[in-house]
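Enquirer: If you want the building blocks of each chain, they are given just below.
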Amino acid sequence: MLQLILEQTLNGLQFGLMLFLLAAGLTLVFGIMDCINLAHGSLYMVGAYFVAAATQAADSFWIGLGVGVAGAAVLGLVLELTLFRRLYQRDHLSQVLATFALILIANEAVRAIWGPAALLLNPPEALAGPVEIGGFFYPAYRLLIIAVGMAVALLLYLLVARSRVGMWVRAGAANREITESLGINVRALFTAVFVFGAALCALAGGLLGPLLAVQVGMGESVLILAFVVIIIGGIGSIRGALVGSLIVGTVDTLGRALLPSLLRALLPADAASTLGPALASILIYLLMAAILFFKPQGLFPARA
Amino acid sequence: MAEALLEVSRLSRRFGAVDALKEVDFNVTAGEVHALIGPNGAGKTTFIHHVSGALQPDSGRIRFAGHDVTALSMHRRVSAGMARSYQITNIFPGLSALDNVALAVQGRNDAGSSFRFWRPVGREAALFDEAKGYLEQVGLQDKGGAAAGMLSHGEQRALELAMVLATRPKLLLLDEPMAGTGPEESARMVELIEQLARRVTILLVEHDMAAVFRLADRISVLVNGQLICTGTPDEVRNDAAVRRAYLGDHL
Amino acid sequence: MALYRAAPWQKPLSLALLLAALALPTALSALDQAFYIGFATRVLIFALAASSLNLVLGFGGMVSLGHAAFLGAGAYVAAICQQAGINEALIAFPLAMSVAGLFALVVGAVSLRTRGVYFIMITLAFAQMAYYLFVSARSWGGDDGLPLNGRMTLGGLPLASDDALFYAALLALVAAMALFGRLVDARFGRVLQAIRENETRMEALGYPVFRFRLVAFVLGGMVAGLAGALLANLTGLASPNLLQWTQSGTLLVMVIIGGVGYLYGGVVGAVILLMLEETLVGFTAHWHIVLGLLLLAVVLFAPRGVAALFGPARSDEHG
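So the sequences go chain by chain: A, B and C. Sequential numbering from 1 applies to the first sequence in our numbering. Sequential numbering from 1001 applies to the second sequence in our numbering. Sequential numbering from 2001 applies to the third sequence in our numbering.
So that you can see chain A by itself, here it is in the shape it has in the complex (with noise of 0.2 Å):
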């Protein structure tokens, strides 16, 4: 049991940091240019097929990691300059219309292009097999992503948190007029943070292609997690992004791991059964809506 809740709370970490990677970009979109962006989860999606593909024709996982990253990272710096910078200015409606338009352009353009079924994308080999840590056996592929999670948790905290580029990012998240009047270039700034965010987004994509499948679609589910992440963290915060993709993450996972069992021994066998998987998989929107109740505005927002 005490083994169970360890390797779930470590997948429950892993799942959490790449949520980390998307809600990261996600936020400051939203925070910096108070754009609301649905078609975050498509770049998610398409990064990931970029990775599996340049995987496939490079024969190696590494480079097609960093090939699938750039070409996300081109793909995001198009899209920037041409769509979503006459979004911005836009009322909220006009930007869900127009990113709703690029998931279905998005999710069409993947199925004919690489076909209906799940893409196969396999981890390195030297990383296929588990390893042994504190006596139990965990795969070795997971604990690199959490490691590649807590190195650019740690790399966004310190370019936010000190650089001066962070800074301007900051100020844009709490006031984008006084930031605009300090002569920063806020257009280059938006370009950048954008082009950043879908980089994340392939990142996180083709790390976590090996685990699930790499199909049409698979943006979306992952794209309400990452709402819930920045609702419960608080939108424009990079800190409330990583705590509440922590929480978002564990509470999930070890939820659907841990509560049907708990409820069998609190509750009568068909009650558990019937009520367990129901309520592992709402847990979080359940936390969510607790959160809000108490803090409208998330648990760290960024704007006064």
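It should be emphasised that the hints constitute simulated quantities derived from the structure, not laboratory data. There's no promise every hint is true.
[What the hints assert, rightly or not] Per the computed footprint, the stretches of chain C lying under chain B, defined by three or more beta-carbons under 8 Å from a beta-carbon of chain B, are:
| hint | region |
| --- | --- |
| 1 | 2179-2190 |
| 2 | 2198-2208 |
[Claimed, not checked] Part of the chain A face toward chain C, derived, beta carbon under 7 Å:
| hint | residue |
| --- | --- |
| 3 | 30 |
| 4 | 94 |
| 5 | 108 |
| 6 | 277 |
| 7 | 282 |
Where a beta carbon is used, it is the ideal one built from N, C-alpha and C, also for glycine.
Model the placement of chains B and C on the given structure of chain A, informed by the hints.
Expert: Just chains B and C, lined up with the frame of chain A:
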């Protein structure tokens, strides 16, 4: 002593490290025009936000017409008879001037419930007749059909005043009604406020000192979130602390 | 935006269209195209659902991305009713509306405390929560959904024939449009639109803004629930896919294509989108790409939707 319509006691509010309001004691007597002045950034608008219910204080109490309203939401305070205008004109630009005021009339408690789903408002002549009356009071009787957003700046300020009046307030909170108006419009606005002052109690925040000293029965001075002086215009004009705060500004 | 005012030709036109709709089943049978009656019913039902969203979005200014949850809830209530032996629509449909409305009350009470991007995300998240709830509810069919054993009866009359269900859906749509048409001109509708225009001002005029929004949100949810119950009767299945957020997105697209804040925006949008789908699917399996590009074009070049092209001029260019 006349009864205090508005009684603010020990009102404090911090924004981060800044004391926006610090233990402000303040009252408005029924029937008076009480002006609140102070240098830019003194916390005047913040104070109005707290009185009207747009912001909640960290500590302190606000009593209005004999009731503690500190915990009440803005719309409840309006129902209790407190109405405000905004520093930046706050109207419905897409709606006609008449619709703007008719909405204000409709929102009043004695105008009946607004949860009516079937009867067209077009058939409620009473709403619009009353609204026309308020437009007339502010000199906009000919502009009822125009989209509010198309009116001149001065006309928009007057329209906002008509809307505020239509709520039949006991206390008017006017936040810089002269802001951004030209000299001619300003003069008309002063005249208008003078007329209103005969019927309703007014708390006036204003930068135009000529207007303040002409209109106000009493003046309070707010500096850095603290009330440093309250008195008649003459008392305030001769107050040493006030003169220091304004450093050479002409009072 | 100004307050909504119906164009003078709107009433005669909608009456003419209603007469045409009444004659449609007979005409289609005469032309040997009775197959299309089912499609026409689908259009009517989605027109109803999109119009209910238009009340929330167009008149209330609330960008809800979770409206399909109420559609799905209505469908499930219908199916569950039948499972429980209630086959009478006069009981099942009001029940579907009540449950959907109650759900909307809970969702609205939490999410209407927030604004802007937050509100969009939260409504979306709640809808997704409902989706997962139904997917994991094995006694209600889980992934596969809950099938109906044939259609219900309405006041004793069977809805089994396609014509009967068509007329039932038409009746529901006409009733809803009549209600919405009156509502937007009545006190409530004016307040709702004024809140959309300037929330702070309405609060400062003494209106309990939250309560008005919540009532509109619940009303929209109830009508969507009715649409869901009708849809379950049409397709014979209450499927969790109905609650998926892409379905909410589709409803939103209908309203925007048709014209946000125009009384018939939802109807126009449902007709256009479903006909477009029906046509394009015949040409290419990848019709979503075409739709996506069309939507981008709408956003960039016709931001106020199709109904706006024909609607009365509004004075918001100056606002």
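Enquirer: Now tell me if each hint is right for this structure.
Expert: So, going through the hints one by one against the coordinates:
no.: 1; hint: 2179-2190; verdict: holds (count 9)
no.: 2; hint: 2198-2208; verdict: holds (count 10)
no.: 3; hint: 30; verdict: holds, 5 Å
no.: 4; hint: 94; verdict: holds, 5 Å
no.: 5; hint: 108; verdict: holds, 4 Å
no.: 6; hint: 277; verdict: holds, 4 Å
no.: 7; hint: 282; verdict: holds, 5 Å
In this structure, none of the earlier numbered hints is contradicted; all agree with it.
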